[in-house]
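Counting along the sequence shown from 1, when you hit position 11 you're at 11 in UniProt numbering, and nothing is skipped either side.
Warning: the hint list may mix true and false statements.
Unchecked claim - Computed list of lysine to any residue pairs in SDA-like fashion (alpha-carbon distance at most 25 Å, straight line):
1) Lys61 to Leu46
2) Lys2 to Ala14
3) Lys61 to Ile50
4) Lys2 to Ala16
5) Lys2 to Val13
As the list claims (entries may be wrong) - Here are the computed distance ranges between Cβ atoms for each label pair:
6) Gly3 to Leu46: 42 to 48 Å
7) Pro39 to Ala5: 45 to 51 Å
8) Leu6 to Val54: 49 to 55 Å
9) Gly3 to Ala43: 46 to 52 Å
10) Ala56 to Trp23: 27 to 33 Å
11) Arg52 to Trp23: 35 to 41 Å
12) Gln55 to Ala14: 26 to 32 Å
13) Leu6 to Gly31: 27 to 33 Å
It should be emphasised that the hints constitute simulated quantities derived from the structure, not laboratory data.
Every residue, glycine too, gets a C-beta built ideally from N, C-alpha and C.
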Amino acid sequence: MKGQALNRVTNGVAAAGVTLPAWEVHLQHAGVIAASVVPILSALWLAVQIVRFVQAWRAAK
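Please model the entire structure based on the sequences and the hints provided.
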């Protein structure tokens with residue numbers, strides 16, 4: 001069982017390594033998009049958390 005799982009993972013990593021040149025550009029593009037979007041989403045999430053905290057704080061008074 002463990003041998004089969006390890007073999008599948010090893011084969012998958014080997015296949016990914018062989019085909020890397022074909023999809024490396026897409027990974028780089030996805031990384032650029034993520035680098036642009038993640039800070040915005042993080043700021044929005046922080047704002048949501050602040051609003052929830054303030055609402056809970058006011059309700060506790």
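Going down the list of hints, with the structure as the test:
1. A C-alpha spacing of about 23 Å is found between Lys61 and Leu46, which places the hinted pair at or below 25 Å, so the restraint holds.
2. For the proposed pair Lys2 and Ala14, the alpha carbon gap of about 18 Å is at most 25 Å, so the pair holds.
3. With a CA separation close to 17 Å, the supplied pair Lys61 and Ile50 stays within the 25 Å bound.
4. Under the criterion of a C-alpha separation no larger than 25 Å, the hint pairing Lys2 with Ala16 is consistent with the structure, at around 21 Å.
5. For the hint linking Lys2 to Val13, the alpha-carbon distance of about 17 Å falls within 25 Å, and the restraint holds.
6. For Gly3 paired with Leu46, a C-beta distance near 46 Å keeps the hint of 42 to 48 Å intact.
7. For the hinted restraint 45 to 51 Å between Pro39 and Ala5, the CB-CB distance of approximately 37 Å leaves it violated.
8. Checked against the hint of 49 to 55 Å, the pair Leu6 and Val54 passes, with Cβ atoms roughly 51 Å apart.
9. Separated by about 47 Å at the C-beta atoms, Gly3 and Ala43 satisfy the suggested range of 46 to 52 Å.
10. Distance hint check for Ala56 and Trp23: the Cβ-Cβ separation is about 45 Å, which falls outside the suggested range of 27 to 33 Å.
11. In this structure the hint that Arg52 and Trp23 lie 35 to 41 Å apart at CB holds, the actual value being about 40 Å.
12. Taking 26 to 32 Å as the suggested C-beta distance range, the pair Gln55 and Ala14 does not conform, at roughly 52 Å.
13. The hint said 27 to 33 Å for the Cβ distance between Leu6 and Gly31, and at roughly 29 Å that hint holds.
Hints 7, 10 and 12 from the list above are not met by this structure, while the remaining hints are.
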